[in-house]
Amino acid sequence: MSDTVAVAAHELSKSYGRHRAIEDVSFEVRRGQICGLLGPNGAGKTSTMRVLVGLSRPDHGTAQLLGEPSQLAATVLARVGVAIDGPAFVPHLSGHRNLELLWRAGKRRWPPPALEPSLELAGLGDALDRKVKSYSMGMRQRLMLAQALMGAPEVLILDEPANGLDPGEVRKLREHLRRLAADGTAVLISSHLLAEIEMLATHCVVLKEGTLVTAGKLEDLLGTGAYEFEVEDAGRAEEALRAMDGVKSVETRGDRLIVYAPDRTATELNQALVMAGVGVKAVRSTRSLEDVFLGLVERNSAAN
Amino acid sequence: MLQIELTTQLRRLRSLLVYGGLAAIIIIAGLTEASKAGGKGGPATFSALNFTEAGLNFLDPVLLGLVIALLGSVIGGSDRDWGTLRYLYVRPVSRARLVTGKWWALVVCCALAMIVYLGFSLVTGLVVFGWHPYHRAGSTALSAATAFVGVLEAGGYVMACMLSIGVLALALGLLMPRSAEALAIALAFLVGSVIIDNFKSLHDLVVILPVHYWPRYADLFQSGSSGGGALGLGLAVQAATIVVVLGAAYAILARRDPAA
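Going down the list, the sequences are from chains Z and R.
In case it helps, the working numbering puts the first sequence at residues 3 to 306.
In case it helps, the working numbering puts the second sequence at residues 4 to 263.
Simulated from the structure, these hints should not be mistaken for lab results.
We put the beta carbon where it would ideally sit given N, CA and C, even for glycine.
Just to be clear, a hint being listed does not mean it is correct.
Unchecked claim - Chain R side only, calculated, beta carbon under 8 Å to chain Z, not exhaustive:
{"hint": "1", "residue": "Ile7"}
{"hint": "2", "residue": "Thr11"}
{"hint": "3", "residue": "Arg14"}
{"hint": "4", "residue": "Leu16"}
{"hint": "5", "residue": "Trp85"}
{"hint": "6", "residue": "Gly86"}
{"hint": "7", "residue": "Arg89"}
{"hint": "8", "residue": "Leu91"}
{"hint": "9", "residue": "Arg94"}
{"hint": "10", "residue": "Pro95"}
{"hint": "11", "residue": "Val96"}
{"hint": "12", "residue": "Arg98"}
{"hint": "13", "residue": "Val197"}
{"hint": "14", "residue": "Ile199"}
{"hint": "15", "residue": "Asn201"}
{"hint": "16", "residue": "Pro261"}
Between the sequences and the hints, there should be enough to build the whole structure, so can you do that?
See the structure below:
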């Protein structure tokens with residue numbers, strides 16, 4: 003079961019008028035995986051998610067959820083929890099009533115199977131009986147997460163779920179999603195909080211300007227070809243590394259260099275620096291997701 | 004979906020104000036007409052039934068049309084206004100279920116408006132004018148029972164007429180970015196139709212306008228008139244309007260990208 007593909011995007015392309023939102027985007031998320039969908043603003047993250055849940059019709063390519071084609075109001079969506087484009091509720095009804103109406107809209111008996119843990123995560127307490135129009139942004143966001151989670155979905159598609167949440171709430175959400183993934187739920191999550199994704203995700207998809215930059219295991223992305231050098235002369239070191247074949251990007255941060263060179267080993271890079279007369283104080287073979295992400299986006303821009 | 008639509012619409016202050024406003028207009032009209040109680044030109048020429056029929060004439064077409072267009076536009080467009088439409092689609096709710104649910108919600112809201120109107124008219128008329136046979140100048144009086152049945156039939160006919168403008172507002176609410184825009188276009192159509200209806204030279208156009216047939220309920224209050232034929236054509240035009248407008252709205256919705 004853990005190896006089943008839960009979310010599949012195959013060569014998805016979508017344009018709005020003359021604006022190309024996504025082009026030839028392909029990736030998969032399997033059960034038990036938490037996949038971070040990353041990209042700068044306008045990269046096509048939300049457009050991709052819209053196509054995946056049928057809210058947008060692709061110009062080309064196919065989207066599948068749990069092995070079934072995804073389109074508007076497809077029956078498979080009953081097994082998917084979705085939070086997309088921010089929270090939206092009937093403002094003059096209570097939070098509780100909103101959840102009930104949304105659940106019943108799917109022709110299902112109230113209450114949903116995972117209502118209690120979802121409400122516990124939302125932590126709205128008595129406010130659940132207040133009209134939604136009196137809620138803060140954070141409260142609406144938590145109610146939206148509760149509506150996505152209350153049906154014990156097999157797939158979760160969450161667009162910027164941590165928006166408006168305080169650090170404690172973000173932590174609770176992270177732990178909750180980890181538990182769900184451990185039970186076999188596939189989670190696709192888009193976020194600007196790279197540190198958060200780094201702590202949570204098992205896999206990662208990076209988009210830029212509507213195209214796929216990379217997709218794969220997060221540990222591979224963080225560990226392969228990514229090095230941090232602490233050097234005595236950062237200027238000379240950067241010059242030496244940039245002149246080397248196979249070095250994709252070099253970023254200087256004080257006396258540290260973040261180097262992305264997937265075809266080179268740390269020893270080869272270290273040797274090149276020594277040959278250039280640069281003293282190397284330390285070498286680490288991992289980078290933060292932020293470093294990788296910025297490196298990838300920068301590399302992709304240079305290639306274009 | 005009907006239950007969901009009714010819960011969201013009927014628990015809304017705006018909807019309650021619309022129904023309250025309708026009732027208030029009837030009560031105010033009853034009070035201002037109170038001087039006719041006991042009757043000019045003889046005793047009891049103005050009864051609760053006369054008041055109810057006269058009220059239909061006063062409200063129809065623009066005022067009642069406005070109320071129903073307002074209800075139709077918010078039923079059609081509120082999900083888009085609130086942003087909840089995407090969450091209904093991913094529940095999942097199909098377009099057909101969405102449109103059907105909204106249509107029946109419009110029928111219920113329209114029926115409620117007619118019940119409010121007829122109920123308040125009869126009660127106000129009863130308090131102010133009393134329960135008498137229906138009199139009309141130059142015509143034989145109708146018995147109270149006959150006139151009461153006529154009032155109910157007229158209410159049903161007017162409701163069918165109102166559904167035609169309501170469904171236009173609903174369809175526009177589904178298709179326009181905001182329900183306020185849908186209401187504005189529906190009202191422009193309503194007012195434009197009423198104006199065009201007065202131009203005899205535009206007869207060929209006028210006969211396909213649903214508004215043209217709206218005042219025909221008055222035939223039900225003519226002594227010796229069954230009113231069936233005239234109302235039948237009117238009902239057929241309203242039904243055709245409803246089918247065409249709702250069908251077109253669904254067809255456009257089905258072709259359109261939901262995220263557009």
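The hints, checked one at a time:
1. Ile7: 5 Å, holds
2. Thr11: OK, holds: threonine 11(R) within 8 Å of chain Z, min 5 Å.
3. Arg14: 6 Å, holds
4. Leu16: Leucine 16(R) check passes; min Cβ-Cβ to chain Z is 7 Å, inside 8 Å.
5. Trp85: Status holds, d = 6 Å.
6. Gly86: 3 Å, holds
7. Arg89: With a minimum Cβ separation of about 6 Å from chain Z (threshold 8 Å), the hint on arginine 89(R) holds.
8. Leu91: 5 Å, holds
9. Arg94: With Cβ-Cβ at 4 Å, under 8 Å, it holds.
10. Pro95: Constraint on proline 95(R) satisfied, holds at 4 Å.
11. Val96: 5 Å, holds
12. Arg98: At 7 Å from the nearest chain Z Cβ, arginine 98(R) passes the 8 Å test, so the hint holds.
13. Val197: Check failed: Cβ of valine 197(R) comes no nearer than 33 Å to chain Z, outside 8 Å.
14. Ile199: With a minimum Cβ separation of about 36 Å from chain Z (threshold 8 Å), the hint on isoleucine 199(R) is violated.
15. Asn201: Since the shortest Cβ distance to chain Z is 41 Å, the answer is violated.
16. Pro261: This hint holds: proline 261(R) lies near chain Z, its Cβ roughly 5 Å from the closest one there, short of 8 Å.
The structure shown violates the earlier hints numbered 13, 14, 15.
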